[in-house]
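A.B. asks: If you read the protein sequences in the order shown, they are chains E and S. Residue 4 in our numbering sits at position 2 of the first sequence, with consecutive numbering throughout. Residue 183 in our numbering sits at position 181 of the second sequence, with consecutive numbering throughout.
In case anyone wonders, no lab produced these hints; they're calculated from the structure. Fair warning: there could be bad hints in the mix.
As the list claims (entries may be wrong) - Short, incomplete list of chain S residues facing chain E, as computed with Cβ under 10 Å: (1) D78; (2) A130; (3) V133; (4) A135.
As the list claims (entries may be wrong) - Mimicking DSS-like on lysine-lysine, the simulated pairs with C-alpha atoms at most 27 Å apart in a straight line are: (5) S/K237 - S/K217; (6) E/K246 - S/K237; (7) S/K246 - S/K137; (8) S/K217 - S/K111; (9) S/K237 - E/K237; (10) E/K88 - S/K50; (11) S/K50 - S/K77; (12) E/K217 - E/K189; (13) S/K50 - S/K197; (14) E/K50 - E/K137; (15) S/K111 - S/K137; (16) E/K237 - S/K50; (17) E/K88 - E/K138; (18) E/K237 - S/K111; (19) E/K50 - E/K88; (20) E/K217 - E/K50; (21) S/K217 - E/K189; (22) E/K197 - E/K217.
Even for Gly, the Cβ is constructed at its ideal location relative to N, Cα and C.
Protein chains: 2
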Amino acid sequence: MIEILQNSRRTFIGSLLTSGLLLAGDPVKAISKNRYRNMEYSNAQNDKMILGMVLFDRFQLLDTFGPLEMFGSLKDKVTIVIIGQKQGLVKSSAGPAVAIDYTFENAPKLDIVMIPGGGGTRVEVNDALFVNAVKKLAEQAPHVASICTGAAVLAKTGLLDGRNATTNKRAFHWVETQGQQVNWVKKARWVEDGKYFTSSGISAGTDMALALIAKLFGEDVAAGIANGAEYEWNKDSQHDPFAKLNGLVD
Amino acid sequence: MIEILQNSRRTFIGSLLTSGLLLAGDPVKAISKNRYRNMEYSNAQNDKMILGMVLFDRFQLLDTFGPLEMFGSLKDKVTIVIIGQKQGLVKSSAGPAVAIDYTFENAPKLDIVMIPGGGGTRVEVNDALFVNAVKKLAEQAPHVASICTGAAVLAKTGLLDGRNATTNKRAFHWVETQGQQVNWVKKARWVEDGKYFTSSGISAGTDMALALIAKLFGEDVAAGIANGAEYEWNKDSQHDPFAKLNGLVD
């Protein structure tokens, strides 16, 4: 397993170098070797957590990079990796393309799995291989979060069945159809149910990410990160003017 | 000029294909051919504007993708391209890497130039080639914006001399040293002075981007985008609790 992982890394990085592409640094350099030696989940103090953001064609930019901005401040506690179906680039709905660090097959054991929304979710919910790969990652991870219509993919895995969850308020009725056993919450900035966090549309992911950071590392740490980003953190998961704006509640 | 541009695109895309990297789509496909035929600046109704985000090693994620999320909703009005010193990937301070669509040499004529902040600005302000390339792009563009410590690079070009500008409130005193002829505004979410917009730290760029969208396309358009992103837009450029938090004002 370790060799497969290392070989995949070499092949990917090799192909970047061969093509003359500049990789500004090994995306996984920050993950300690001990992490690979012990592939079992470990939240030990000396070991950084690994956050895997699952991306796909036409993902939403702010769904992805709002939360990763907040977790990105925890350099000594969390390593961020981008996970996708194939090595190479995935293009956001707005245009810019992001590099995949790991495929589903060679991803390291993740402590946090996140999946954003975006126009591409309309395709991905019908891709059984993609949905099953997300299910496998989510089952194994102690913390799972979706942003916006990423909840549609997570719901499609069945893992949200019987749980409370929320999603984008404009796409609410479509997302509901992807998980009819889910208790969809119409008015919420984000919802926490067990190990699952689901957030409302696009910018809500940033508030949810800070709530998850507060859960994992303490409220002071989360508040410090928000202040550093000059971000006015909405700490109230019930504060959601967009449910009314979109006619979901009176 | 047109041929050089097209050849560069073929070479770049060719190298991606050769290396087996999946490029989910030509990053510039959305730019109409007419755009290339007429390289002069044109804000004609039938022609989309081009927004170029200048990236560099260790750029800040939310500085970049907050504004691009908002402009990304204007698919029929604005095409987004990522510009850098070299083709390939640039790595953010948080880890994830983004693909460069154009270098400084082959960039199309830009209607909007943006530059984010991040740890990398500490290096870039001392790279005369980089600063001069940003200066050239900014001089030619009718709209120029910096986010966070991106203002340090913009100040270093000299183009902000004698103008009002703001920047990240924690890094304020360092940024001041990069443009001693600039009138640095301590308390502001963002500052508009002529064609230059400069915003405060990290998340402030999103509010500034909406202000620029309001200027270019109308306030209703900007408000609609904010609502679609479930984003509570701070429309008041003077609302800045972080100036006091960081001891810049009483």
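A.B. asks: Next, verify each hint and record whether it holds.
C.D. replies: For each hint, the structure was consulted:
The interface hint given for S/D78 is broken, as the beta carbon of that residue sits about 13 Å from the closest beta carbon of chain E, more than 10 Å. The criterion of a C-beta within 10 Å of any C-beta in chain E is not met by S/A130, whose closest approach is roughly 20 Å, and the hint is violated. Because the beta carbon of S/V133 sits about 19 Å from the nearest beta carbon in chain E, more than 10 Å, this interface hint is broken. Hint on S/A135 is violated. Least Cβ distance to chain E is approximately 16 Å, over the 10 Å limit.
A hinted pair counts as satisfied when its Cα atoms are at most 27 Å apart, and S/K237 with S/K217 qualifies at roughly 12 Å. Taken as a hint, the E/K246 and S/K237 pair is honoured in the structure, with Cα atoms around 21 Å apart against an allowance of 27 Å. As the CA atoms of S/K246 and S/K137 are separated by approximately 32 Å, the hinted pair breaks the 27 Å bound. Between S/K217 and S/K111 the alpha-carbon distance is near 20 Å, which keeps this suggested pair within the 27 Å criterion.
Distance restraint check for S/K237 and E/K237: the Cα-Cα separation of roughly 21 Å lies within the 27 Å cut-off, and the hinted pair is therefore satisfied. Between E/K88 and S/K50 the alpha-carbon distance is near 32 Å, which puts this suggested pair outside the 27 Å criterion. Restraint check: the Cα-Cα separation between S/K50 and S/K77 comes to about 9 Å, which is no more than 27 Å; the hinted pair holds. Among the hinted pairs, E/K217 with E/K189 is consistent with the structure: their alpha-carbon atoms are about 22 Å apart, no more than 27 Å.
Note on S/K50 and S/K197: the hinted pairing holds, with a Cα-Cα distance of about 19 Å set against a maximum of 27 Å. Restraint check for E/K50 and E/K137: satisfied, since their Cα atoms lie roughly 23 Å apart, inside the 27 Å limit. For the hint pairing S/K111 with S/K137, the CA-to-CA distance comes to about 14 Å; that is within 27 Å, so the pair holds. Proximity of E/K237 to S/K50 is assessed by CA-CA distance (about 39 Å); at most 27 Å being required, the pair is judged violated.
As the CA atoms of E/K88 and E/K138 are separated by approximately 16 Å, the hinted pair is consistent with the 27 Å bound. Taking the CA atoms of E/K237 and S/K111, the gap is about 42 Å. The hint is violated against a cut of 27 Å. Simply put, E/K50 and E/K88 have alpha-carbon atoms about 25 Å apart, close enough for the 27 Å limit, and the pair holds. Straight-line distance between C-alpha atoms of E/K217 and E/K50 comes to about 16 Å, which keeps the hinted pair within the 27 Å bound.
The straight-line distance between the Cα atoms of S/K217 and E/K189 is roughly 32 Å, outside the 27 Å bound, and the hint therefore fails. Note on E/K197 and E/K217: the hinted pairing holds, with a Cα-Cα distance of about 11 Å set against a maximum of 27 Å.
The structure fails to meet hints 1, 2, 3, 4, 7, 10, 16, 18, 21 from the earlier list, while all remaining hints are met.
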